[in-house]
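Novice: What follows is the residue order along each chain.
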Amino acid sequence: MSPAEHALKYPEIWRRFTPRQTLTRYAWYVGAVFIAAWSLHNLDLPWEYLSDAMEQAMDLFTRMVPPDWNVLDEVLHALIETIHIATLGTIISVFIAFPIAFLAARNTTFNSLTWAIGRFILVASRSVNTVVWGLLFVAIFGPGPIAGIWAIAFRSVGFMGKLVAEAIEEIDEGAVEAIEATGASRLQVLWYGILPQVLPVIYGTTVYRWDINIRESTVLGFVGAGGIGILLYSTMNLFRWEQVSVLLVAIFAVVVISEFVSAAVRQRIT
Amino acid sequence: MTAPAQSAAAEKLEWHTIKLIENPVYRYGLVTLAVAYVFWSVGSLDIDWPRVAHGLPRAGDMFARMFPPDFSRWELLSRELLVSVQMALAASLFGMVLAVPLGLCAASNLAPRPVYLVARFIIVLTRTFHEIIWAIFFVKIVGFGPLAGVLTLIVVSISFISKMLAEDIENLPPGQLEAVRATGASFPKLLIYCISPQALPRYLGVSIYRLDANIRHSTVVGIVGGGGIGQVLAASFKRYDYDFSLAILLSIVALVFIGEIFSNWVRSRLR
Chain L
1 MSPAEHALKY
11 PEIWRRFTPR
21 QTLTRYAWYV
31 GAVFIAAWSL
41 HNLDLPWEYL
51 SDAMEQAMDL
61 FTRMVPPDWN
71 VLDEVLHALI
81 ETIHIATLGT
91 IISVFIAFPI
101 AFLAARNTTF
111 NSLTWAIGRF
121 ILVASRSVNT
131 VVWGLLFVAI
141 FGPGPIAGIW
151 AIAFRSVGFM
161 GKLVAEAIEE
171 IDEGAVEAIE
181 ATGASRLQVL
191 WYGILPQVLP
201 VIYGTTVYRW
211 DINIRESTVL
221 GFVGAGGIGI
231 LLYSTMNLFR
241 WEQVSVLLVA
251 IFAVVVISEF
261 VSAAVRQRIT
Chain V
1 MTAPAQSAAA
11 EKLEWHTIKL
21 IENPVYRYGL
31 VTLAVAYVFW
41 SVGSLDIDWP
51 RVAHGLPRAG
61 DMFARMFPPD
71 FSRWELLSRE
81 LLVSVQMALA
91 ASLFGMVLAV
101 PLGLCAASNL
111 APRPVYLVAR
121 FIIVLTRTFH
131 EIIWAIFFVK
141 IVGFGPLAGV
151 LTLIVVSISF
161 ISKMLAEDIE
171 NLPPGQLEAV
181 RATGASFPKL
191 LIYCISPQAL
201 PRYLGVSIYR
211 LDANIRHSTV
221 VGIVGGGGIG
231 QVLAASFKRY
241 DYDFSLAILL
251 SIVALVFIGE
261 IFSNWVRSRL
271 R
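Protein chains in written order, with our numbering: chain L, 1 to 270; chain V, 1 to 271.
Please note that the accuracy of each hint is not assured.
What the hints assert, rightly or not - If we take Cβ atoms under 10 Å as the criterion, some of the chain L residues that face chain V in the derived model are:
no. : residue
1   : K9
2   : E12
3   : I13
4   : L40
5   : E81
6   : L88
7   : N129
8   : V255
These are computed hints drawn from the structure, not numbers from a lab.
Note that the structure is a prediction, hence the values are computed from the model and not measured.
Using N, Cα and C, we set each Cβ at its ideal position, and we do this for glycine too.
Next comes chain L alone, as it looks inside the complex (with noise of 0.2 Å):
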């Protein structure tokens, strides 16, 4: 059969989907693509400035080789800093989250007031940036990695809460009665029955939420609450570009390297 013969004898051409669908997936797309051009429209940026930072971008660069390795102390002193805040921000926070996402989770919250109760702090904690916690603990503490500290441990408990919560609501039911069973207090039912089926999600998440909170950690500074930040941002405004990217280094080995040992801790846990 040649292929014209075949078109007249089965003039049905095979499709995935049917115009309907096409039609209403072509109507998102253009839909989407028309809410993009409309915000571009309304935010009427300055696109001339564009023009020249590709140029503005290489000066930079150029200014920021060969670094100056001469302050190299100095960074990795505000580097530990920044591990210190990342890290007790990240214990902190466990203590915290901890008892909020039994709050939260379905199965062991008191009634729905409670369960209101705890979702609404998880989702006030997570919908906060951490640089925006910082802001607020700096007015409160002052400038200096304290803010800091409790910045990162008030970001995390909605991360680490609610991915706990989510573990409390999916364990076996069976060891809970098990243990309510043989005449258990509710906080021995916790303890023997909850805690042993949850705490490897409570040790991975916290060890993944520590990594993130380094990366967090090196901004921190911007608004005043320690760390790496402080002196970016102090070398950024004295334009010393050539230190600048000593301590662009210094980040990028650090948040490399804790994403690796979190990885890996996670893989051996897990």
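Assemble the complex: chain L is given as a structure, and chain V must be docked to it using the hints.
Specialist: Chain V alone, transformed into the frame defined by chain L:
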């Protein structure tokens, strides 16, 4: 067996909860190390304790001044919120489109080795630096305002979406890829008939998730001068205008919440 011997045997077999690290030496060693670390780190941080001690009354004072939230400047508030949303929308679409070539280059089963390595390096480099560092750079390059914010969000979106896309393509079953290649299909045809039907749904899902993430991040790029609501928030904190700050914060929480609901709704429909 006599009764005492029996109970002694039972004691030996006493049940205990499963420990993550079975060896007690290692377990307690790790705990000791952790406690030692906390003391060392708190000691080595230069903390202005008297200033911190003032913190609690200050916090009380601040919260007192935050209530009730001041929505009287709602015009400014809604205008800047809209700017943030528009920044997120525009950046998401640009990022989504630009992420496709980079994502294809970063898939080891499609791209030649050197291209793959370069693309992966770009992704790692852009992902490592926090978006606020990018924002600061773009503010230095194109000046204050939403343009810097949009550029930042575009860079961050490209990096995230292309990473997910590359991983998706790498996880495709090799069978289909081989089958389409065996028919002698060209590279564009391979993309249209093999890659896109399998990777498109997840790519769209990731892009929608990125939109939601961009809404969250668009609220902070303003803090370093990237335009949008973040700039207003930072200014209100500097002026101790705490009741307005709370109004902004509540609006951001509401906006993020709506964005999350929208993103979840679209992604559940995509599945």
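Novice: Each hint: holds or not?
Specialist: Hints, verified against the model:
The beta carbon of K9 of chain L is not positioned within 10 Å of any beta carbon in chain V (closest approach about 23 Å), and the interface hint is therefore violated. With a least beta-carbon distance of about 20 Å to chain V, the hint placing E12 of chain L at the interface is violated under the 10 Å criterion. About 15 Å separates the beta-carbon of I13 of chain L from the nearest beta-carbon of chain V, more than 10 Å, and the hint is not met. Against a cut-off of 10 Å between C-beta atoms, the interface hint on L40 of chain L holds, since the closest Cβ of chain V lies about 5 Å away.
Interface restraint check for E81 of chain L: the shortest CB-CB distance to chain V comes to about 6 Å, inside 10 Å, so the restraint holds. Of the supplied interface hints, the one on L88 of chain L holds, with its beta-carbon coming within about 6 Å of a beta-carbon of chain V, less than 10 Å. Nearest Cβ of chain V to the Cβ of N129 of chain L: about 4 Å, under the 10 Å cut. The hint holds. The interface hint given for V255 of chain L holds, since its Cβ lies 5 Å from the closest Cβ of chain V, which is under the 10 Å cut-off.
The structure is inconsistent with the numbered hints 1, 2, 3, although it conforms to all the rest.
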